[in-house]
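S.K.: Position 27 of the sequence shown, counted from 1, bears residue number 27 in this note's numbering, the numbering being contiguous throughout.
Check before you lean on any hint, since a few could be wrong.
Claimed, not checked - Below, simulated DSBU-like cross-link-like pairs (lysine-lysine); rule was C-alpha separation at most 30 Å, straight line:
| no. | residue 1 | residue 2 |
| --- | --- | --- |
| 1 | Lys86 | Lys36 |
| 2 | Lys75 | Lys148 |
| 3 | Lys29 | Lys12 |
| 4 | Lys86 | Lys156 |
| 5 | Lys75 | Lys98 |
| 6 | Lys98 | Lys86 |
| 7 | Lys36 | Lys75 |
| 8 | Lys86 | Lys29 |
| 9 | Lys121 | Lys148 |
| 10 | Lys156 | Lys121 |
Said to hold, decoys possible - Derived CB-CB ranges, DEER-like:
| no. | residue 1 | residue 2 | range |
| --- | --- | --- | --- |
| 11 | His118 | Tyr171 | 19 to 27 Å |
| 12 | Leu35 | Glu94 | 19 to 27 Å |
| 13 | Ala10 | Thr151 | 36 to 44 Å |
If you are wondering where the hints come from, they were derived from the structure by calculation, not from laboratory data.
Even glycine gets a Cβ: it sits at the ideal position worked out from N, Cα and C.
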Amino acid sequence: MNPMNEADFAKKREEVLQAMIAFDAGDAKRIQHFLKVYTYAALLGRQEGLPSAVQQTLELAAILHDIGIHAAEAKYGSPAGIYQEKEGPAPAREMLEKVSGIPEDMIERICFLIGHHHTYKDVDGEDYQLLLEADFLVNAYEDGLSPKALTAFREKVFRTTSGTAMLNTIYGLPE
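Please build the complete structure, drawing on both the sequences and the hints.
M.R.: What follows is the structure, given as structure tokens:
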């Protein structure tokens, strides 16, 4: 996968951010959620030194990761992760294809990540791992998880140095 040049990517990222804000219009909680996940994912990816194409994929996937939530609620009456994973890739692909110049292989990977962002086994790549970690950093706060639950999840899912350090720092967990 080839990265986009930084100036082009910055424009495309802003276009996707604006499109996702419009997609979630009137739902401030969800907009705030994906903006926080995006910020953590971008930061963690830079701290881990991801190659440009992987960093770009991670950032776009983080913006769009919960795009299936509205369809999941309408179709299944639930925002559960399994339903988000089923319903998210199609609207994500549609949105990404409207943004000219995003490579097809990057769109494919972003859709894969959206379709697996609540699946914690068979994690195949740094972008996938960091998306899981960034989403958890936000979900843990929004769900008010206990220190015991945070520590258990850290041991089970967190794999990166920067993600683990961020979790420990934010929540005051012992190392």
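S.K.: Run every hint past the structure and note whether it holds.
M.R.: Quick rundown of the hints versus the structure:
| no. | hint | result |
| --- | --- | --- |
| 1 | Lys86 - Lys36 | 23 Å, holds |
| 2 | Lys75 - Lys148 | 34 Å, violated |
| 3 | Lys29 - Lys12 | 24 Å, holds |
| 4 | Lys86 - Lys156 | 24 Å, holds |
| 5 | Lys75 - Lys98 | 25 Å, holds |
| 6 | Lys98 - Lys86 | 21 Å, holds |
| 7 | Lys36 - Lys75 | 26 Å, holds |
| 8 | Lys86 - Lys29 | 22 Å, holds |
| 9 | Lys121 - Lys148 | 21 Å, holds |
| 10 | Lys156 - Lys121 | 10 Å, holds |
| 11 | His118 - Tyr171: 19 to 27 Å | 20 Å, holds |
| 12 | Leu35 - Glu94: 19 to 27 Å | 21 Å, holds |
| 13 | Ala10 - Thr151: 36 to 44 Å | 37 Å, holds |
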